[in-house]
Amino acid sequence: MKSLATSHPPGGYHGRYLRIDVTSGQAEYRQLSEKLLREFLGGSGLGTKLLLDEGTATLDPLSPAAPLIFVFSPLVGSPLTTSAKFAVVHKSPLTQRINDSLASSGFAIHGKQTGCDAIVIVGRAVQWSVLVIDDGKVRLESADEFRGQEIPDTEAMLRSRFGRDYNFAVIGPAGENLVPFSTISHAGRHAGRGGAGAVLGSKNIKAIAVRGTQRVKWHNVEKLTAAAKDLSTRSFGPATAKYRELGTAANLLVFNRLKVLPTRNFQRASFAEAPNIAPEAMATAHAHTRSSCVACTIGCEHIYQLGDKSVRMEYENLFALGPLVGVSDAQAVLKASQRCDALGIDTISTGGAIAFAMECVERDLLSAAWLKFGDADALLRAIEELAALKTPLGRQLALGTRALAHELGNDALAFAVQVKGLELPGYEPRALQTLALGLAVGTRGADHNRSSAYEADFSAATNRRALTPESAELAIASEDRAALLDSLILCKFLRRVFTDFNTETAELMRLVTGWDITAQELAITARRIIHAKKQFNILAGWTPAEDTLPERFFSETPHDDATAQLSRTQLAAAIVRYNQLRGWSDEGWIV
Amino acid sequence: MITIEFYGIPRLRSGVARAVVMDEQPRTLGELWQRLAIQYPRFASDCLIEDRLQSHYIANLNGERFVEDPHTLLPMDACVLVLSADAGG
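Protein chains in written order, with our numbering: chain E, 434 to 1024; chain U, -12 to 76.
The set of hints was computed from the structure by calculation and includes no laboratory data. You may find that some hints are simply not true.
As the list claims (entries may be wrong) - Quick list of in silico lysine to any residue cross-link-like pairs, SDA-like style, CA-CA up to 25 Å:
id, chain 1, residue 1, chain 2, residue 2
1, E, Lys692, U, Gln26
2, E, Lys656, E, Asn709
3, E, Lys805, E, Asn709
4, E, Lys692, U, Val54
5, E, Lys692, U, Gly(-5)
6, E, Lys692, U, Ile36
7, E, Lys662, U, Met9
8, E, Lys925, U, Met(-12)
All of these numbers come straight from a predicted model, not from anything done at the bench.
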């Protein structure tokens, strides 16, 4: 493989990425200029830039030429808490727009130690393969024995073949079947939403195995270590207590009380049986432990025992496989979550697609009388059919909500709850209207993570039920911070530990890289990253009509909250203001 | 009468899901916190600072409006929700 001498990369970086063509098996390092690294940092930002530079916005995301990019960051491998993260960036087969997923733990550290800041994969392997990156040396091995295997079994088999020195990123049967919302999994965490699993599967790659010894330098080790110690200490405090002690599932009961808990395909905003599936109830019937990613002091993972299986339960799993589909059986929700994880499918999109289908059955648009809201067995059956693609209904569910709505016609799109094809997360936008704006304009689609605008709605700074053009500033502030978090990369659950996020993270970056980076520069960087994502989407065919919410949210209120009304006019005005503040045309074009 | 509903960490710290203040209704949010501080000392030490909630927590009136200012007037028979200010999921 052609090597590339890196002459004095900045601290935290190798100064190069590894580009692998799995058709030919050839790999080469390509240089990353210091200017580019400083402008895009790493993670989501660097991935977006690399994706743009590959010039593939118009390609079929499942074609051999379409890249799948794993991106590390300058903080990976540092002593900073929550820094063991990586981004997976690609064009989404679900949305046909840019997708950046994040996942955590050892793969980030060991992937970076193969000697690169990112791994770009193009091509399609001749045979079903494991892509092995061993300290920068690349080879393909047969993955025949792993075909059809679920994720936990695949990981166990990979460890048996390769040993514990390696870390793995794996797809399940859903990724093999190119389900457009299938995931890439590492150590029980998923790069979910948007179908990264399908993209890897389309390259005939079942798994990526990484091992490496190449470490980067840090600019100021002594001060970085002290800063890391201080950050860790703060991360044990009240800012993260919710995640550490209760997990994200703590949202369930309070969202239910506030009537922002989407229920039955967003027909309702509260779920009478919510206490049945709350973490408090789950913990009485199922053994419960906590865990954390490598290099994380927060420990947000709350794991419930289901027979001989361990199930990570997050709020989004709970909402999507519980209230959204009307299921109130805690055991069934745990089982559904476990199956999604094992098969490698995104839980939000899975729950969203099934909930949509359940409503279609109610409306006689879909012939599957067994698929009813509230039927736990039906939920579990639908999940299996969706991942396997062996039945007509399974193939329909696996299209995702938007494509299925188009297939069914009859105004089904009105209640297909998605934006740009990405199913909505567990926040009722008619009652959290700053988030409604964030979901509508987000480049990834309806993504609460990339937006984070619910922060404004859960504050005294705004009236959550009345969107105004001023809401745009709040939506932009949270979106910019999310872009930085996803590019630095640090966990979003750390965000409230910082008093002045840009100032404090600029200092961390100075200690890591040696750059004289400032808070203001980071603010500009965030904007640049958002701009680059928008640029990709425009090249991929974005039009202003995509930046909206489904008709349901304008023409209906939740059945249990007649005051949760979202005005189409007000949302449109807020979107115009958002675009203006972004420096784009009123419609959202880059000018 | 003021009803207080605790969620998440405030519930863990107070040890109760719900409390009621019946005698001499507090006029303001700040007065309510002072009353609760006496009854729920661990809630006070972890979630309050002087006459307001720490920044990691927030109050909501009647399931509608989020409020922070300790001078916020409490309507008669209000229900005050206390929850984490971080709604990340």
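Results of checking the hints against the structure:
The straight-line distance between the Cα atoms of E:Lys692 and U:Gln26 is roughly 29 Å, outside the 25 Å bound, and the hint therefore fails. Distance restraint check for E:Lys656 and E:Asn709: the Cα-Cα separation of roughly 49 Å exceeds the 25 Å cut-off, and the hinted pair is therefore not satisfied. Taking the CA atoms of E:Lys805 and E:Asn709, the gap is about 19 Å. The hint holds against a cut of 25 Å. Distance check on the hinted pair: E:Lys692 and U:Val54 sit about 17 Å apart at the alpha-carbon level, within 25 Å; holds.
The hinted pair formed by E:Lys692 and U:Gly(-5) meets the criterion: a straight-line CA distance of about 16 Å does not exceed 25 Å. Proximity of E:Lys692 to U:Ile36 is assessed by CA-CA distance (about 29 Å); at most 25 Å being required, the pair is judged violated. Restraint check: the Cα-Cα separation between E:Lys662 and U:Met9 comes to about 47 Å, which exceeds 25 Å; the hinted pair is violated. Distance restraint check for E:Lys925 and U:Met(-12): the Cα-Cα separation of roughly 39 Å exceeds the 25 Å cut-off, and the hinted pair is therefore not satisfied.
Checked against the numbered hints above, the structure violates hints 1, 2, 6, 7, 8; every other hint is satisfied.
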